[in-house]
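Residue numbers (numbering that gives the first Met the number 0), protein chains in the order written: chain A, 0 to 428; chain B, 0 to 428.
Worth double-checking, as some hints may not be accurate.
To be verified - Restraint ranges, calculated between C-beta atoms of paired labels, are given here: (1) A/Asp-33 / B/Gly-400: 47 to 55 angstroms; (2) B/Gly-378 / A/Glu-34: 45 to 53 angstroms; (3) B/Gly-319 / A/Asp-33: 51 to 59 angstroms; (4) B/Ala-320 / A/Asp-53: 32 to 40 angstroms; (5) A/Glu-34 / B/Arg-168: 14 to 22 angstroms.
What the hints assert, rightly or not - With a straight-line Cα cutoff of 20 angstroms, these simulated DMTMM-like cross-link-like pairs (lysine to aspartate or glutamate) come out: (6) A/Lys-360 / B/Glu-4; (7) A/Lys-360 / B/Glu-34; (8) A/Lys-361 / B/Asp-7; (9) A/Lys-380 / A/Glu-399; (10) B/Lys-130 / B/Asp-7.
Just so you know, the hints here were simulated from the structure itself, not pulled from any lab data.
By construction, the Cβ of each residue, glycine as well, lies at the ideal position given by its N, Cα and C atoms.
The chain contents come next:
There are 2 protein chains.
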Amino acid sequence: MAPLEAVDLIRRKRDGGKLDAAAIEALVGAYARDEVPDYQMSALLMAVFFRGLDAEETRALTKAMVDSGERLDLGDLGRPTVDKHSTGGVGDKVSLVLAPLLASLGAAVPQLSGRGLGHTGGTLDKLEAIKGFRSDLSAEEMRRVLREAGCVICAAGPSLAPADRRLYRLRDVTATVDCIPLIASSIMSKKIAEGTSCLVLDVKVGRGAFMAGEEDARRLAETMVALGTEHGVKTSALLTRMDEPLGRAVGNAVEVAESLETLAGKGPADLVEVTRALAEEMLRLAGLDLPRGEVAAALEDGRALERFSAMVRAQGGDPGADLPEAPFRRELAAGSSGYVARLDALAVGTAAWRLGAGRAKKEDDVSAAAGVLCLRKRGEKVEKGEPVLELRTEDEARFEGALGALAGAVDIRPDGEPARSRVIGVIRP
Amino acid sequence: MAPLEAVDLIRRKRDGGKLDAAAIEALVGAYARDEVPDYQMSALLMAVFFRGLDAEETRALTKAMVDSGERLDLGDLGRPTVDKHSTGGVGDKVSLVLAPLLASLGAAVPQLSGRGLGHTGGTLDKLEAIKGFRSDLSAEEMRRVLREAGCVICAAGPSLAPADRRLYRLRDVTATVDCIPLIASSIMSKKIAEGTSCLVLDVKVGRGAFMAGEEDARRLAETMVALGTEHGVKTSALLTRMDEPLGRAVGNAVEVAESLETLAGKGPADLVEVTRALAEEMLRLAGLDLPRGEVAAALEDGRALERFSAMVRAQGGDPGADLPEAPFRRELAAGSSGYVARLDALAVGTAAWRLGAGRAKKEDDVSAAAGVLCLRKRGEKVEKGEPVLELRTEDEARFEGALGALAGAVDIRPDGEPARSRVIGVIRP
């Protein structure tokens, strides 16, 4: 694509016009082949931030990103393939439970996941707290793990949607991440390319999520469901609350430990609720019509846990090894007696991040042992002076910044409020 | 500047916030030193396109661009320095007349000019139609010509506002040219760096100008007058009409020929009107208090023409050489009898451009001989079948495209309208 054609497309979008599908596909293809420079693409992305993309434009962008690489075919596994994607939340370890759970119920779960950046953490960082666990698998290794364990959680290889990979990196350094059509097409291009036939999206809403408002979250979910459906992937979405952390553990090793408890049928109520709701939607899409109670049974009778161990082993990890423990711990006590009325997810996520569980730049290492435990959550009773949060770190100097993030993060009121469901709604095509 | 700082500035502008002066200066300085990549700058420019820059931000940007290079000091010439800048119009050869005219009246005119891109043509392209004329002078050559001839018209060297040069190239390929604070700071950074102590801006309004609307043109003029004044340059602006071409000639050699006629006191009325109005404003700023009628006299008694010849000679040109003549000519005839009511500047500019007088890309050569002569202008009587325009080119195949641009460019009505002034208003600090 000639520079003058690219500048015409930028101008058209800048002035509120519509880009036709052929132009978008030509532009993204040329960008992936390095024929359109980053500086034209970033100007276009900023124009898209202000002007948006309509459904047709978003579809064309997604298709172009899928077409820039390989699209896996997992049709030879002999089982329905089903994946889940979360838009990211605090304490969101659902993937660690859901993938082996679905594998134990007859589905194959090819979960291509990411590393965390910022306060929400990443599934791969959590699993890598397990001794020996490898996230970077070749396409052949990924298939082998899927066959052996029924599920795999690994990094997306460079052959899947390479245009999205390049665009995402550019968006990250040009303040063009927070844009619904760009978020939707980025997520969906990777999920379509990975070859799953069914997909359930967990779109988080609230203070700890990227989409704080329900209206934006709903629009993102609808956009992604439409994109998946148009590309032949059976797709639906759950909107779930992310005002307080999911479960009690926020970090890496601490979230693995809580996932193991949940896989053994002893998970915290909110994590179990979200996991079950997603599992049931995944089974529905996959056409696996199981007896009522089977999801709960698989968590209680050890079937799901057994699949988790098989997956960890198949990816080089030792499921029996002790998880790393943080040498430094500090508690945050309740300032008054009563019931926890609010526990701010963003503050807790930021505290865990500052304790070492997350990274500020892509190149940073994360601490496996660092994190926050929520000893009391919303609706739970606490006496003045009793601990509400436990902070863990490998570097004592990090407590100060973490405690700073937690100022005003906990409200305690005299009266308890009834528990509320984390699941707000479901969006289907 | 670290990438994370740059992305914070982009985000702040994207969200409608204000960038402080120190941040803008650090960013532009880092960009000029190649420490901030083009892709971050183009995203910021697009955010600026949508959000604008306020007066303080525009001033800081201008200062940063001036500070990125050298600022000439012309205080040793012993004469007041005064320059003019036009925002670009069709048939706008005013600089060719004005610089020697002012030189003949006691000022020194250091006119750093540009090449044309698109339908408006460039002063340097016009002068280069003169055999031997050189536009690319060193700073030392520029001073020598100024001393010898009292005026110089040459290209801005790479040492003046290099950050603007780099930013302008980036804006050109990212659809971020049409933005008043960016236009104003780009023009003014070069004019401030060139070292003139007085500056009159000719801001064009109408179909053939970059600013079609008077309100935008006035805002651009006010912004530039404020920027010049803040940087110690006495600055004012005229708003002048650019609905029809200025004078009768549009092209390169044909505009030089018309400039020579004007310098000899025989110019077309509209060109003379604009030239005199600008000259009087320049004299006023320069504090040259001349007897009434002196401007007209300098055009009529050969003083201005003599300065033009001196300048051309000092820049290597031969003022006596014949100008290039186009081998192919074609006339466009009036479709009815009456008075010309409208002669569209944009259409005529585009036709001249397509005949070879302008360039589509920076690397293109221009044809010295190509152009359009307006044989009839607004208010003039014409009989059906008489020629209104004469098209000239060195390449016969170009007539078709040029004639295409002229469809609907001329309106003829039964009744003539009175002539109107080209000068709309003046803007002073």
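Against the structure, the hints come out as follows:
1. A/Asp-33 / B/Gly-400: 47 to 55 angstroms: violated, 34 angstroms
2. B/Gly-378 / A/Glu-34: 45 to 53 angstroms: This hint holds: roughly 52 angstroms between Cβ atoms.
3. B/Gly-319 / A/Asp-33: 51 to 59 angstroms: holds, 53 angstroms
4. B/Ala-320 / A/Asp-53: 32 to 40 angstroms: violated, 59 angstroms
5. A/Glu-34 / B/Arg-168: 14 to 22 angstroms: With a Cβ separation near 19 angstroms, A/Glu-34 and B/Arg-168 satisfy 14 to 22 angstroms, so the hint holds.
6. A/Lys-360 / B/Glu-4: Given that 20 angstroms is the threshold and the Cα spacing comes to 13 angstroms, the pair holds.
7. A/Lys-360 / B/Glu-34: Cα-Cα ~18 angstroms, so holds.
8. A/Lys-361 / B/Asp-7: Since the Cα atoms of A/Lys-361 and B/Asp-7 sit roughly 17 angstroms apart, the hinted pair holds (cutoff 20 angstroms).
9. A/Lys-380 / A/Glu-399: The given pair, whose Cα atoms are some 27 angstroms apart, is violated under the 20 angstroms limit.
10. B/Lys-130 / B/Asp-7: Violated - the C-alpha atoms of B/Asp-7 and B/Lys-130 are around 52 angstroms apart, more than 20 angstroms.
Hints 1, 4, 9, 10 from the list above are not met by this structure, while the remaining hints are.
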